[in-house]
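Please work from the sequences and hints to get the whole structure.
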Amino acid sequence: MGLPNQVAEELRRIVGRAAVIDSANDLRIFERDGSIEGAMPDAVVLASTTEHVAGVIKVAAKHKIPVVPRGAGTGLSGGAVTIRGGIALQVTRMRRILNIDPVAQTAIVEPGVVNQELSLVAAQQGLFYAPDPSSQKACTIGGNAAENSGGPHCLYYGVTTNHVLGMEIVLADGSVHWVSGDAPDRVGLDLCGVLVGSEGTLCAITKIKVRLLRIPPSIATMLAAFPSIETASQAVSAVIGHGIVPAALEMMDNVTVGAVEAHYHAGYPTDAGAVLLVEVDGTAETTRELTAAIGKILTENHGYAMREAQTPAERELLWAGRKGAIGALGRIKPNYYLHDGVVPRSRLPQVLSAVGEIGEHYKLPVANVFHAGDGNLHPNILFDMRDRDVMQQVESAGEEMLRAVVEMGGALSGEHGIGLEKSAFMPWIYSEDDLGAMHRVKDVFDPNGILNPGKIFPDPSRKAVHLAGRTGLAIEAKWW
Amino acid sequence: MVSTVAVAKPSTADELARRLHDAASQKLAVVPVGGGRASGMGGAPERLDVELHTTRLDRVIEHSQADMVVSVEAGITLEALQHELAKSAQFLPLDPFSSPGHTIGGLLATGWTGPLRLRFGSPRDFLIGIRVALPDGTLASGGGRVVKNVSGYDMMKLHYGALGSLGVIVAASFKVFPKPLRDVTVSSEGGWDAADQALTMPVAPSALEIFSDGRVLARYTGSGDAVDRVVRDLGWPVEDHSIWERHSGRAPARWARIAAPRSALRGLVEGLPRGAGWWASPGIGVAHWAIASDTPSVKEVRARTETAGGSLVMMAAPDDFMRDVGAWGTPPPTIDIMRRLKHAFDPDHVLNPGRFVV
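These protein sequence lines map, in sequence, to chains A and B.
Just so you know, my numbering puts 339 at position 339 of the first sequence, and the rest follows in order with no gaps.
Just so you know, my numbering puts 328 at position 328 of the second sequence, and the rest follows in order with no gaps.
Quick caveat, the hints were computed from the structure, so don't treat them as lab data.
Here the structure is a predicted model, which means the values were calculated and not measured.
Take these hints with a grain of salt, some might be off.
Interface residues of chain B toward chain A, partial, derived using beta-carbon atoms under 7 Å [claimed, not checked]:
no. : residue
1   : Val50
2   : Gly144
3   : Asn149
4   : Ala344
5   : Pro347
For glycine and all other residues, C-beta sits at the position ideal for the given N, C-alpha and C.
Structure follows, in structure tokens:
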């Protein structure tokens with residue numbers, strides 16, 4: 001394998017000799033992202049400027065070589081995996097915050113800026129960037145925009161696409177464009193809206209203009225224990241049914257709470273069947289009134305051992321437990337396989353019980369930690385990759401869980417993206433015509449298929465679906 | 001030869017797709033029609049052979065109260081949908097001008113919004129699923145019925161605001177919202193300073209409108225104590241909610257929408273001809289101008305708006321006025337990409353020819 005020498009030379013002329021990596025040992029670092037499956041790139045290019053990105057894509061276009069934009073590699077769906085080889089286009093050297101405008105409440109950042117870093121810097125002006133994936137200490141805003149990432153606080157604030165005002169992009173022919181900007185109601189088609197969440201299959205992103213929000217004067221974070229996942233789910237529906245949309249509403253099951261508490265000692269009740277983490281923000285009056293109202297609703301729905309963080313440090317600790325939950329699960333098994341299907345909120349108890357049964361059937365421990373308010377599941381199948389034949393079992397269990405999600409009127413992914421791991425299941429929710437319309441968009445932006453090939457759309461030659469392949473479930477279920 | 005316009009009023013999505021395909025295969029020009037409330041938007045049609053009405057597609061397909069999700073056919077009016085949602089103390093935060101009578105499909109195609117966008121965003125933010133009839137006769141869906149979804153491309157964004165240039169919207173799903181715990185509107189005569197004051201209160205207003213006579217309307221929603229406190233601190237007189245219904249009824253015969261970065265809006269509005277009638281949402285960056293002047297002044301204002309990074313789009317005007325000013329202004333720099341998308345979905349250019357920028 002490897003790129004032809006001539007191509008590697010062309011790349012070196014653009015980015016400099018040291019910024020092209022093509023020795024087998026060094027490439028191995030770029031074989032994976034945060035998901036299961038890996039594949040070696042033929043070369044990694046470390047871009048530092050928009051011109052670098054444009055130049056590299058021009059070379060790739062000329063030679064029809066796949067090119068896969070890559071940020072921190074924390075993605076959970078194989079979006080950054082070079083499944084057809086080619087060039088991994090690494091943008092983490094593009095990590096400048098170019099501008100923060102405190103009056104307009106906007107920022108312009110390069111794609112390699114780490115999510116949390118933007119909020120830390122913006123905090124000096126009393127502002128923050130709302131989308132907060134659990135990997136926010138490492139993941140990049142470019143990757144977030146490519147995947148349309150979510151996070152706990154997206155329940156109230158919305159996901160990445162609701163906060164991206166405009167982007168500088170590089171198309172498959174190497175041309176550079178700005179799409180959208182900070183004026184509303186722009187003339188023409190909403191290209192920016194289509195490109196956010198396109199998983200690197202339509203363009204590379206080289207600058208992002210985002211909306212910043214004022215840090216609320218008061219934040220209240222509460223924790224409540226419940227006897228079971230069912231009662232906790234009921235409480236979630238009850239809170240929202242009362243007309244209260246908290247900033248975040250997160251659930252952890254007993255397995256997760258045990259691992260988190262052993263690791264963080266945050267005071268999570270380990271005897272609980274499930275724990276809810278609820279946050280509200282606003283003025284002092286708002287948080288006082290809402291915590292009282294929510295506390296009452298949770299109690300009425302079998303909540304107990306309720307407590308509210310009394311200090312910022314205590315709040316941090318509660319969130320550290322939530323955001324670090326998946327790492328803490330390493331205490332149980334070294335590997336995890338994480339899906340992120342979404343169901344209508346009222347179907348949470350049913351789908352979680354199906355998930356539990358599937359885990360038992362395959363004798364695999366499952367830990368649930370997820371965005372309950374959005375109906376966005378995160379079942380973690382825990383395993384040890386060194387166990388014989390376990391991968392097959394894990395994949396089958398994951399597939400059955402997704403199937404259960406779809407059968408309850410859900411979707412394949414709430415915030416992680418389709419990428420490599422779920423592309424085979426797309427026909428479960430979309431008909432041939434639905435996928436055909438999406439493919440028209442792909443063909444307009446990337447007629448030669450060089451941008452992140454093998455993602456989103458099913459590739460029957462690569463991975464077959466084991467479960468019976470009904471198509472277009474959305475239509476069968478008479479959603480329309 | 002006098003051309004005759006065929007009028008089709010299909011009662012199912014399948015029938016609509018078939019009628020669209022029939023027309024497209026004969027290269028007949030199709031204009032989709034909803035409630036007709038926004039029909040003044042865009043250039044005059046270059047050709048018009050078939051009017052394809054969505055008004056008989058007017059069902060609520062499913063409203064799941066517990067999930068706060070609703071799916072509707074495109075021809076339902078906003079009022080009929082709100083009536084349904086109100087039964088469970090929910091609502092769609094959409095309050096467009098030129099109301100009542102907008103259809104949901106029309107609102108999605110035109111991208112028209114109103115004052116509540118300040119707090120809730122536009123349908124771009126809460127449209128979670130869409131179904132569209134394409135000129136080749138297929139019906140293509142995107143998104144779904146869950147509030148958070150990254151399964152495949154965001155086809156909602158592709159069609160939202162595309163003025164039916166890529167396909168005819170036949171159904172849509174929305175995330176809906178609970179009626180706020182408290183909802184109070186106050187007013188002032190204090191002009192821009194009052195507007196700034198209301199916008200920077202500790203609780204941000206859900207709607208904030210300023211009018212050319214200096215009047216300001218501010219709407220605060222949320223928890224009772226917080227809203228009461230901010231209303232008390234402002235000290236402005238409380239208004240009846242019917243004031244919003246009257247406001248939504250505004251629909252000048254010659255009407256332009258100025259959209260600009262928020263920081264530029266005041267300057268642009270103050271640069272309107274002396275005595276101009278206008279209203280604006282300074283927190284959003286949108287102003288509406290009831291044009292009493294001639295076309296050169298519209299062109300001047302448009303030039304200034306575009307220099308500031310914004311746009312001036314005609315919402316309604318008599319044909320000759322519209323022709324002279326132009327509906328949209330300078331095409332965006334990415335117009336070539338947009339044209340390629342148009343060609344991929346509507347290769348024979350049968351959908352709304354001449355009305356949109358592609």
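Here is what the structure says about each hint:
1. Val50: violated, 22 Å
2. Gly144: Cβ of Gly144/B sits 5 Å from chain A, so the hint holds.
3. Asn149: Nearest chain A Cβ about 4 Å off; hint holds.
4. Ala344: holds, 4 Å
5. Pro347: violated, 10 Å
Consistency with the previously given hints fails for numbers 1 and 5, ordered from lowest to highest.
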